[in-house]
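Produce the complete structure using the sequences and hints provided.
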Amino acid sequence: MNHLRYLYVFFGVCLACHAEEIVSVSAVKGQHSQGAPVDFKNTSSSELTLEALVKGKDAECFTVKPVEAKVGAGESIRLTVSLNAEKGKGRYSATLKLDGRTLQLEGIALDAFEGKNEPPLAQIVDSLGMKLDVGGTALSLSTEKDVIGESLPVSRFLGMPDKKIRVTLVARFSPKGDLPFGIVTENGDLKNWGHVANSDQIADNHQCLFPKLSGGGGTIEVASPEGAFAFYMEGHKYISCTDPSLVPKALIQHTARVYKANETQGKKMNYAYLVCFEEATNGDYQDCVFLVENIKP
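Under this note's numbering, think of the first position of the sequence shown as 1238, with each following residue one higher.
For the record, the hints were derived by calculation from the structure and aren't laboratory data.
Ideal placement from N, C-alpha and C gives every residue a C-beta, glycine not left out.
Treat the hints with care, since some could be wrong.
As the list claims (entries may be wrong) - Across the chosen pairs, the derived CB separations fall in these ranges:
| no. | residue 1 | residue 2 | range |
| --- | --- | --- | --- |
| 1 | L1427 | K1307 | 45 to 55 Å |
| 2 | E1297 | G1452 | 30 to 40 Å |
| 3 | L1427 | L1395 | 13 to 23 Å |
| 4 | K1382 | K1307 | 55 to 65 Å |
| 5 | Q1490 | E1458 | 27 to 37 Å |
What the hints assert, rightly or not - Calculated pairs, BS3-like style, for lysine-lysine (alpha carbon to alpha carbon, straight line, at most 30 Å):
| no. | residue 1 | residue 2 |
| --- | --- | --- |
| 6 | K1413 | K1428 |
| 7 | K1368 | K1533 |
| 8 | K1266 | K1334 |
| 9 | K1326 | K1504 |
| 10 | K1413 | K1302 |
So, in structure tokens, the structure goes:
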């Protein structure tokens, strides 16, 4: 289960042991939005009436369903947080009160699909609660420099002993289509780990936060491979890779950027990295953005 996408708020106990949980959601104006689920469990010995109260400067831009519900002792309920994009392109924030708990709501709205309507990588990491300098706030970033902002000059990785690698797709803003991804082994073989689902299967899946993988869900766990490996994504024009030497047909010098992920959605991270792919030439590096845990350079 995607522990970043699904936030569990218990009556009296918060599983995400940090100051504040963050719910990140996106929407395209006039289009269906997948929304973001939030699970609540009543661990008390009596029934309670749960009220979802949204407050803050952009409160009117967020909806939570159900707004009110009876939750029996020991029972759970799933709420859905959605963003209304009718106010136009930009970043929106509010807070959600659930039985004394406070969750931060962060939204990205788009006026339309693709092109200059897409959010910059800086907005994406901001909406995820990441304090990162990705190399600028513009949509297009440098594709020539070896390092931009807090990016790392890392091309290959190692898995952690006795731990599976956890891969969560946190954003995709690219043209429609099925996007294979995986690793390149030490001997140069491509090993597929999965596919990002096409928007023909799941509405808005090519232009949203937390898109789905083919087969459902947004997270996979894979046994650590032997030796060093690079990450790749097969885009519409060429294969993008964290190791520039492995993509001789690429149209730009750097088809991927890597950042250390210390905190995401209010959760502290260890041995986690953000792997950001560019599939064309403009250097937005948000065609596919993966959070990868249990790896090291």
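Evaluated hints:
1. L1427 - K1307: 45 to 55 Å: Hint holds: Cβ distance 52 Å, inside 45 to 55 Å.
2. E1297 - G1452: 30 to 40 Å: holds (36 Å)
3. L1427 - L1395: 13 to 23 Å: holds (18 Å)
4. K1382 - K1307: 55 to 65 Å: holds (56 Å)
5. Q1490 - E1458: 27 to 37 Å: holds (32 Å)
6. K1413 - K1428: holds (23 Å)
7. K1368 - K1533: Within the cut-off at roughly 20 Å; holds.
8. K1266 - K1334: OK: K1266 and K1334 at ~26 Å, within 30 Å.
9. K1326 - K1504: Given that 30 Å is the threshold and the Cα spacing comes to 27 Å, the pair holds.
10. K1413 - K1302: Since the Cα atoms of K1413 and K1302 sit roughly 29 Å apart, the hinted pair holds (cutoff 30 Å).
In summary, this structure violates none of the numbered hints.
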